[in-house]
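Given next are the chains, with one letter for each unit.
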Amino acid sequence: MSGFFSALLSALDPLCGPVGLFSLFGSGNLVACGEAGWGDEIAFGVKVTITLAIATLPVGLVIGFLIALAAQSEDKLLRLAAGIYTTIFRGLPELLTLFIVYYGMQILIQAVLASFGYEGRVEINAFFAGMAALAVVFSSYSSEVLLSAFRAIPRGQYEAGDSLGLHRSRTMVLVILPQLIRIALPGLTNLWLILLKDTSYVSVIGLADILRQTGIAARVSKEAFFFYGIACLLYLILAMISSFGLGFIERWARRSEGRR
Amino acid sequence: MTYVRELIPPRAPPALAVRSLAPARVAGIGVLLLWAALAIALVFMMINGWDQDKFQRYGPRYLHGLWTTISLVGLSVILGAILSAPIAFARMARNKVLNGIAYAYVYVFRSTPLLAQLFLIYYGLGSFRPELEAVGLWWFFREAWYCGLFSLTLNTAAYQAEILRGAIESVPRGQHEGAAALGLSKRNAFRKVILPQALIVALRPYGNEIVLLIKGSAVVAIVTVYDLMGETRYAFSRTFDYQTYLWAAIFYLAIVEALRHLWAFIEARLTRHLKR
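Note that the protein sequences, when read in sequence, are chains G and Z.
Count along the first sequence from 1, add 118, and you get the number used in the working numbering.
Count along the second sequence from 1, add 26, and you get the number used in the working numbering.
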């Protein structure tokens, strides 16, 4: 049974499968899959890029939501704390944030371990560091989107929740969140596309994403234009697929509003 | 007939519900303490790790990198603005071919990473050396700085074209009709009526785009341009001192915050006739 599923999956593989993108070029060329070409390496890069973006999204959204809650709280100190967070991480270049997180975490963990008496070199996972850095950047942007969505929800909605006897958290989940998602969805769509592009930065700290794999291929085969062109094309395809999918989700979210 | 004989004497207001420590306040104080601890740790680290020798060696390099970043971004914003005008007009044109080309340009440059575009231009076009030498363009594509400028310009032109188009299309139709009714020629109507209103709408997105470009310009460090990020990477590779990145962070934050405040001031100044 599992053999059947894996066969099905490999048949539907969009890059290296029988009807995959790279197989269309035929075998025996630079992007052929397997030993002959770079197709399967690049396909692995595509997987890494998609995994990284999808793994970052929920973390960034949750942190962003908490920051947005803090930024619209009645407490001055909490608003200030949230303001500092967004100011710092919206002002720093993504690349610099990535380096700071990557090396900073290494130093931090090393210091903590040294205090326990461990004196080895620590290398943290590039995937994890990339995910943390991208989540931080994504959360500071998404908090702005969510904050403006929060402001678009009238106060009466909270009061209605109170008058129905709902608890604060129930009001949030049942009344506010469904409206919030609908209002924030276009902004979050943009942020997702930006996140997808920002994943390319992790190639700099050595994660085998699309850009790194095509870069290796370009260096080895001396066909730089061809391989970087393929990298751009792959990002373009990913953006197209996601804008198609997100358009679908947006229509689904607006299904109660009737046809216009 | 009844009437009030005695006024009700004033009473003290109900006692305020005193909640000295709401959860929000606790969280706020906690996070602020965390920030303060981080800031103190950073300052401590900088004082502790202060090295006059390093400062003298890398300080001027940082300033040079800062200047490289600023000139790179400034030039590419201006060149991108020039390039974006024809793209924006092509995008608004009725001609389907022209429209399609402009749309494809904007779509491609907005949905691929700047890093990939930069690699495509620097390494990709760089591999066509004989052809470029034949055309006499090799001096341009040989230099990482020119390639960085070129890719930043192409990238920002796509974004700026969209900003410009959105702003021009946001001017209501009545303004066109009003100008036509006054007998202004199309050209004059555009210059004197449409464009001023459009540019006010475009002001804020332009500011955001410049900030994004400053942040994006850090990628040119990867193709060996010594901008602020490049100098930082150079200093780090020599000293393995984590502070190098913190200094870069301070510089970038200072630029972006200064620009943001400057832009807010300009916007407030230019839109003062719209305030009531």
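Keep in mind the hints are simulated off the structure, nothing from the lab.
Keep in mind that the hints are not guaranteed to be accurate.
Claimed, not checked - Which stretches of chain Z does chain G cover? Using the computed rule of at least three CB atoms under 8 Å from a CB of chain G, they are:
| id | segment |
| --- | --- |
| 1 | 49 to 55 |
| 2 | 136 to 149 |
| 3 | 274 to 281 |
Stated by the list, open to error - So, partial list: chain G residues that the calculated Cβ filter (under 8 Å) puts toward chain Z:
| id | residue |
| --- | --- |
| 4 | Gly-209 |
| 5 | Leu-210 |
| 6 | Glu-212 |
| 7 | Leu-298 |
| 8 | Ile-299 |
| 9 | Leu-311 |
| 10 | Gly-333 |
| 11 | Ile-334 |
| 12 | Ala-357 |
| 13 | Ile-359 |
| 14 | Phe-362 |
What the hints assert, rightly or not - A partial selection of chain Z residues facing chain G, derived with a Cβ cut-off under 7 Å:
| id | residue |
| --- | --- |
| 15 | Trp-61 |
| 16 | Lys-241 |
| 17 | Ala-244 |
Keep in mind the model is a prediction, meaning the values are calculated, not measured.
Note that beta-carbon positions come from the ideal geometry of N, C-alpha and C, so glycine has one too.
The hints, checked one at a time:
Under the rule that three or more residues need a Cβ within less than 8 Å of chain G, the assignment of the segment 49 to 55 of chain Z holds, with 5 such residues. For the segment 136 to 149 of chain Z, the stated coverage by chain G is satisfied: 10 residues place a CB nearer than 8 Å to a CB of that chain, which reaches the threshold of 3. Only residues whose beta carbon comes within less than 8 Å of a beta carbon in chain G count, and the segment 274 to 281 of chain Z has 4; three or more means the coverage holds. The restraint placing Gly-209 (chain G) at the interface with chain Z holds, with a minimum CB-CB distance near 4 Å, inside the 8 Å limit.
The beta carbon of Leu-210 (chain G) is positioned within 8 Å of a beta carbon in chain Z (closest approach about 6 Å), and the interface hint is therefore held. Taking 8 Å as the C-beta cut-off, the interface hint given for Glu-212 (chain G) holds, the closest approach to chain Z being about 7 Å. Taken as an interface hint, Leu-298 (chain G) does not check out: its beta carbon lies about 19 Å from the nearest beta carbon of chain Z, beyond 8 Å. Using the Cβ-Cβ criterion of 8 Å, the hint placing Ile-299 (chain G) at the interface with chain Z is not satisfied: the shortest such distance is roughly 23 Å.
A hinted interface residue such as Leu-311 (chain G) counts as satisfied when its beta carbon comes closer than 8 Å to some beta carbon of chain Z; here the least separation is about 7 Å, so the hint holds. Contact between Gly-333 (chain G) and chain Z, as hinted, is supported at the beta carbon level, the nearest pair being about 7 Å apart and thus within 8 Å. Hint status for Ile-334 (chain G): violated, given a least beta-carbon distance of 12 Å to chain Z, over 8 Å. Nearest Cβ of chain Z to the Cβ of Ala-357 (chain G): about 4 Å, under the 8 Å cut. The hint holds.
With 8 Å as the threshold, the beta carbon of Ile-359 (chain G) stays out of range of chain Z, its nearest partner Cβ sitting at about 11 Å, so the hint is violated. For Phe-362 (chain G), the interface hint is violated, the least distance from its beta-carbon to any beta-carbon of chain Z being 12 Å, above 8 Å. The interface hint given for Trp-61 (chain Z) is met, as the beta carbon of that residue sits about 6 Å from the closest beta carbon of chain G, less than 7 Å. Because the beta carbon of Lys-241 (chain Z) sits about 4 Å from the nearest beta carbon in chain G, less than 7 Å, this interface hint is met.
For the restraint placing Ala-244 (chain Z) at the interface with chain G, the shortest Cβ-Cβ distance is roughly 4 Å, inside the 7 Å limit, so the hint holds.
Figure legend: structure checked against the earlier numbered hints; hints not met, in rising order: 7, 8, 11, 13, 14.
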